[in-house]
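Asks: Chain by chain, the residues run as shown.
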Amino acid sequence: MGLLEQAAVDRDIGLWEWLSDVGTWTGSDGILTSLWDTVVLCSIVTVVATLLSVPTAALLAHARKAELSTTWLVSISRAVPTFAIAALLLPWSLERGWGFEPWPIFVALLLLALVPIYLTTYTAVRQVDPAAVNAARAIGHGERSILFKVELALASSPVLAGVRVAAIQVVATEPIRAFLGGDGLGRFVRDGFGQNNTTLVVGGVILIGGLAALTGVAFVVAERLLLPTGVTRYSRQQGEK
Amino acid sequence: MSVTDQPTMSTPAIRLRGLTKVYGSSPEPAVDALDLDVARGEVVALLGPSGCGKTTILRMINRLIEPTAGSIEIEGVDVTDQPVTDLRRSIGYVIQQIGLFPHRTIARNIAEVPRMLKWDSGRIDERVRELTVLVGLEVDMLDRYPDELSGGQQQRVGVARALAADPPVLLMDEPFGAVDPIVRKSLQDELLALQSRVQKTIVIVTHDLDEALRVADRIALFNVGGVIEQLATPDELMRSPASEFVEEFVGSDRGMRRLSLKNISSLDHRMGSVVDLDDEPSRGLEVMDREGIDWLGVVSEDRFAGWITRSAVEDAARNGKPLADLDRSDPIAQVRPDDTLRAAMELIILSNAATAVIDDNGRFGGVVTLEDLRAALGDTESVGAMT
Amino acid sequence: MTVLAAARNPIIRWEWLVDEWDQIRSALVEHLTLTVLSMGLGILLSALLAAVAIRYRWALTPITATTGLIYTLPSVAMFALLAPIFGNLARPTAVIPLAGYTLLILVTNTVAGFRSVPRAVRDAAEGMGLSPFRRIVTVELPLALPYIITGIRIASVSTVGLVTVAAIIGQGGLGSLIFSGLRRAFWTPMTVGASLSIIVALAVDALIYLIGALLTPWTRRAAH
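Chains as they are written, first to last, in the numbering used here: chain A, 666 to 906; chain B, 86 to 472; chain C, 48 to 271.
Treat each hint with caution, since some may be false.
DEER-style ranges, computed between Cβ atoms [said to hold, decoys possible]:
1. A:Ser810 / C:Ala232: 48 to 56 Å
2. C:Arg104 / B:Ala327: 43 to 51 Å
3. A:Gly695 / C:Leu95: 56 to 64 Å
4. A:Leu697 / C:Ala260: 47 to 55 Å
5. A:Leu717 / B:Glu151: 54 to 62 Å
6. B:Gly236 / C:Arg267: 19 to 27 Å
7. B:Asp163 / C:Ala253: 33 to 41 Å
8. B:Ser436 / C:Thr266: 50 to 58 Å
9. C:Ala260 / B:Pro422: 52 to 60 Å
Here are the simulated lysine to any residue pairs, SDA-like style, with alpha carbons at most 25 Å apart [claimed, not checked]:
10. B:Lys203 / C:Leu188
11. B:Lys203 / C:Asp170
12. A:Lys730 / A:Asp794
13. B:Lys203 / C:Pro189
These are computed hints drawn from the structure, not numbers from a lab. We treat Cβ as the ideally placed atom computed from N, Cα and C, and that holds for glycine.
Can you make the complete structure from the sequences, with help from the hints?
Replies: Dropping the structure here:
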């Protein structure tokens, strides 16, 4: 699905009918396909961002390095207009024969996700109670062991929360992809604008919003399930300080 | 110790009548029907353990807390008779954490109330400079910001700020609590010096007995519920505690504390075992017998000249030698009139001398012995605590 | 799209900049206008919300939750939703969502700023006889300013970025340059639009930082 192929929908169909028609959902131009496109991209971006940011941030925070660069990063990070970056990369990607997707939007979304995950992880590891770290050191744990067993473990709640926030942001920003020649749920809005079809537009909006909300919920559930109680309790304590 | 005139009984500067504060959550009142008068120019300390309501009482005077019942009058005027901001601008308020405005220079901080009162800028500038000197700060600090000053300096600015509009009444809530004990003591001294010059009516809240003893004319010792256990001068408080609570609060070492309250100058002047250098040795023997001491002190031209052993004096008397020819040893223990009795006692005990010589700016001012100190305290109970 | 394309279609063709300067300038102006309008509305609304949250402590959680929720609403969706209501090219369609996105950070920072005022300072101010108005405006507000300005900085920069997305409804300022380039497969306007929006974002950041530093001289003095 690209710029040229559009969802062909009769513009007079009401929203409810559109959503309840099975044909809307299935097929190569159906909702499920686009949903899949969006979920795949967002997941990969989130995973890659996490894999890149968390270890880096944890290591730097543990070693108490890069405090200044981190602060600098905070200010710069806000000036990342995802849309502009994706647009900038588009010609470059096309020139290289890679097409409209996935690189421009992937890189742009990755940059968007990297910074909040890095910052939350850095702060969380940095703020881990030094008493716990010193105790572990005294017992005889090596530095790497401390990092994994103590610092990351205790910081895992805020880190996961940071990943959640980043994931939601990625999902919420991803729709611009459709306007840059790509796929994903945003295409319903794009096509709806193109055909002056309100049903498509509103439908797209609902789908996008719904996915963002679902992402949030999914993460909250995951946090609840994956994190040991002691860790969440510790984090809540830290939060109250 | 501050020196005040006898307060006139006409209008007390501050009058609290039936002052009560009840908080909704607890059945016991925080302050229960308090009556208290503060005379003009007097320093009254509200002293007591935490939770006794002393800060609540203070903050009701400038209506930061509104009383549940009772009345507060300042110079005969009920505090609720005027807009609360006007009231507060006429009262100086100093708190423990000081609360200087971080975003304003020192000069601007001090000038806050005068500016609100619309003084003209020339007068304000003059007043700020005057106060800077008064509280012991350098004029070149005026352009700095509060966080550039030390804790002690900041607290002085706090006092200057409170005095800026020359209010008759000063309220202080643990004002020196946030600085270390050495700075605290010097600030207390300066407060006394200040008070002797400006004669404000001061109500100071403190939990520190020593602080109250040092600065207050009268101390109101509170128990929980804002109940006054004793209202008395520092000396009286230590000498005759009114109840078991008071006794416990002032502590079993109150004898020692009382000694810190008085100066040498408060003692009757005594020559002691001392004669003039030109006197006859036989006179010296008389004096030594009378005093029961084996040393003779000699004074020459108003200055203390040293101690001579009894045997040397006896020898001189026998052989007709003048006292001036005898060997003299310098006094081991010397005190000044403004030293406290306690300092004198410590000196006498530590130096193993029986008598301390009073050195009044080089002139001989008399002597003081342990017996004199006992007599000064005037009761045997504190003597027991002393030794 | 190979060598031929590369010859016709470099990443940026500089002559275009000169020729189309008017177009660039009007896009820039529109971009800045939208930013300023959105920030203005955002600051106004956040001031109100912050005042409520400060006065009634219990209100902070619901306000934060609501503004947080608004923040996660996808921008594409928001523009798309409001377009049929106000019209594609009407200001409210773009400004309302953009202002909404600023609320979370502005309210959070404003409240944090006022909370950061030391209690002793507030107590001393009240005890000295400052009226509530004077206290809030001449004492608490200046002291809250560093936080507030940081919030404004962050919100402004992200607004600059989001304005480009409003191009999907035709109001994108520099975003419209991006789209026109995309539609015609002509890279120069795309590059120019994208680069400029990044540059403007950084410039706005620096500008607000400088203004903030000027407004708060006491934070720059070295502590004793």
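Asks: So, for every hint listed, does it hold in this structure?
Replies: To see whether the hints hold, each was checked on the structure:
At roughly 55 Å, the beta-carbon separation of A:Ser810 and C:Ala232 lies within the given 48 to 56 Å, and the hint holds. For C:Arg104 and B:Ala327, the hinted distance range of 43 to 51 Å is satisfied, since their beta carbons lie about 45 Å from each other. Hint check: A:Gly695 to C:Leu95, Cβ distance near 44 Å, so the stated range 56 to 64 Å is violated. For A:Leu697 paired with C:Ala260, a C-beta distance near 53 Å keeps the hint of 47 to 55 Å intact.
Remark: the range hint 54 to 62 Å for A:Leu717 to B:Glu151 is upheld by a beta-carbon distance near 60 Å. In this structure the supplied range 19 to 27 Å holds for B:Gly236 paired with C:Arg267, their Cβ-Cβ distance being about 22 Å. The hint said 33 to 41 Å for the Cβ distance between B:Asp163 and C:Ala253, and at roughly 58 Å that hint is violated. In this structure the supplied range 50 to 58 Å holds for B:Ser436 paired with C:Thr266, their Cβ-Cβ distance being about 56 Å.
Checked against the hint of 52 to 60 Å, the C-beta distance between C:Ala260 and B:Pro422 comes to roughly 58 Å, which is consistent with it. For the proposed pair B:Lys203 and C:Leu188, the alpha carbon gap of about 22 Å is at most 25 Å, so the pair holds. Our distance criterion of 25 Å between C-alpha atoms is met by B:Lys203 and C:Asp170, whose separation comes to about 22 Å. Among the hinted pairs, A:Lys730 with A:Asp794 is consistent with the structure: their alpha-carbon atoms are about 17 Å apart, no more than 25 Å.
Restraint check for B:Lys203 and C:Pro189: satisfied, since their Cα atoms lie roughly 22 Å apart, inside the 25 Å limit.
When each numbered hint is compared with the structure, violations occur for hints 3 and 7.
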